[in-house]
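S.K.: Chains U and A are the protein sequences, given in the same order.
The opening residue of the first sequence carries number 1 in this note's numbering; numbering runs sequentially from there.
The opening residue of the second sequence carries number 492 in this note's numbering; numbering runs sequentially from there.
Bear in mind the hints are in silico, worked out from the structure with no lab data behind them.
Take these hints with a grain of salt, some might be off.
Here's a subset of chain A near chain U, in silico, CB distances under 10 Å, partners left out [stated by the list, open to error]:
(1) Leu503
(2) Ser504
(3) Ala515
Computed from a predicted structure; not experimentally measured.
Ideal Cβ placement from N, Cα and C applies to all residues, glycine included.
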Amino acid sequence: MAMSFLMKKSRFSTLLVVKIILAAVPVFVLLFILNQNFAFTGVHRVTITSFTDLPRSVEYVGGAEIGVVSTPEGMRARPYSDQVKFAVTLPRGFDTLTMTAEVDADPFATLILDAKAAPANNQAAAFRLPTAFGADWRSTTLDGGRLLLRDHENIQNADAFWSAFQTFRRVYTIGGDLSSAIPSSLYAKSVQLNDIRLAADYRGNLAMSAYLDNGTKEIRFTKKDLNFTSGADTLHFSLERGGKVVAEQNVEDGTGENQEITVVLPEIAGGFYILRFTPNNEDSIVRNIQFRGTELLIQNRIFFGQASSTIRLYTTCQTFSAEAVHDVGMESSLTVNGKKVIFKAVKKTQEVHFTGKVGTIDIPRGDVSLTSACGFLLKPEQPIRTAFDALTKRIVPLPEFSSAALKKADLVFDDTPLAQTKTESGFVIEKTFDLHTLSAKGKTFTFSLESPGLTTRSGAYLHIKKITFTAKRPAFSFSDIGRAFRALSKR
Amino acid sequence: MNKITFSITWPLSGKDVRTLLSFAFQVSLVSFLSFYLLESLRAGIITHYFNINIFLWAAIVTGVLSTLWPMVVPQAKEEKKPSWKDYVWMVLLALATVALVWYKTSSIGWLVAVIAPLSGLIVLGLSLLVYFDKDE
């Protein structure tokens, strides 16, 4: 057919060639738009170079709190707020997104790349210039960050580490979870691990910290979809230490059936780990969490599903907040140290206070969410944590890099990584996010630049040359055809 | 098999430029309307990634220019009677119009059942007019 066409129209005049070129323009535009929407090339890149005129698939969230300044190197953006948020609309079907910022900054500036509702292991990449600490500092790399000593030799072993904490008067931490960075040999000499089983139903995000060692071979739990609302109910589980993922597993929708999950662990060193359950919504429960460990602490917030028997837990903060999530016609209440607290209204947070070192909380029928800065314990005795707290009593946590405070410091624990790449125009900081674990509104994800304390010496100046969002998925395979149809059906 | 030959002449004749202006106008207008239609059906599918006003401006500029220098129309050909394909084409366009108007105005209630078929009839009527109401 095509050949007969060519045989008939064998003479290409200038007019015909120009017409073909003109007609090809909208075809190429259509192909470009198709690729932007369905991403058949596997890579999608959005670059911001002009911060006053964003690409069409990017918007500021909550207004533009970023300005443009003229520098000897050209026009640069400068955040006016501690946090600048971007909503980025991507085609469906990508697995990862790498956010890259090219910056020029004062040695004491900090920049954090973050994403909305990102799990801790997928949360942020902080940035600090290598010159932030002077030449008189020595650095030791640990699991979860760097330990810096001024005018002292490197800490070469666990004993020296222990000694440093005992000896130095002024110990500072900048962000990070120090407990996850300290070598396990610093903990009690012999740790007895037990079989832990959490029978209650947990809904929503759940993060718990526990001491594990190589005796912990697997983590088991059951997921059940409640199907109160329509849509798939998936869950991502990860075991983390020092911000790094040791093991992880995705659990797909279970259509209301019990899904028995076993996560087999690699050989792990002794220490505190975080078990993180991240569902895509609160329409599923996790129950029967079982593993071998000790010193379990549920972090920050718990959302219990319905319970047929009383749930007991403990907290050491004398104030925590509680909320009855559902009202099914029965009185919602809980008991703290024997004193009954009745919920005045459903879905309204109320503060609960108690006196004494430890609060014993009894929840008779679940459907309650609790939040405490200290977290919640299943057993009030926590010998390792108690010893560690005593050790770290003299540690002063710094929310951000402060050169004034560091002038007095003997020892600093810093979990913010150094800028990775130096280019001609400045430093490059980048972070790759797993898109499956980020919350999104349709195809729109929210990312943020955090630059704390810009107006202070600790923040100094920070000029951004360029931000690039690069979404990727594996190269095309035939299985992508089904995936593309599923993506289309979601549109 | 015949050889494919290219006959490139430059500069283009005035007649060719006028033809190209007219063709560019058609391409720009049809592209703008098509992309606008897609955007109306699914907001953001085009405008998140491409500014369709580029085609609108191209259509305006080439439209003005092709009005000033209209295409040289060849001598009137013999009157061509519409074939059954033309009628099918007209009906399909009318049905597409009904579907589109129905989709975009479905929120107004029962009135859509009147407006959408009427729109289709208008398109059908205009198509017939183009064929039968020739200047004598």
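S.K.: Evaluate each hint against the coordinates.
M.R.: We went through each hint and held it up to the structure:
{"no.": "1", "hint": "Leu503", "verdict": "6 Å, holds"}
{"no.": "2", "hint": "Ser504", "verdict": "9 Å, holds"}
{"no.": "3", "hint": "Ala515", "verdict": "6 Å, holds"}
Violation of the numbered hints given earlier is absent; every hint is satisfied by the structure.
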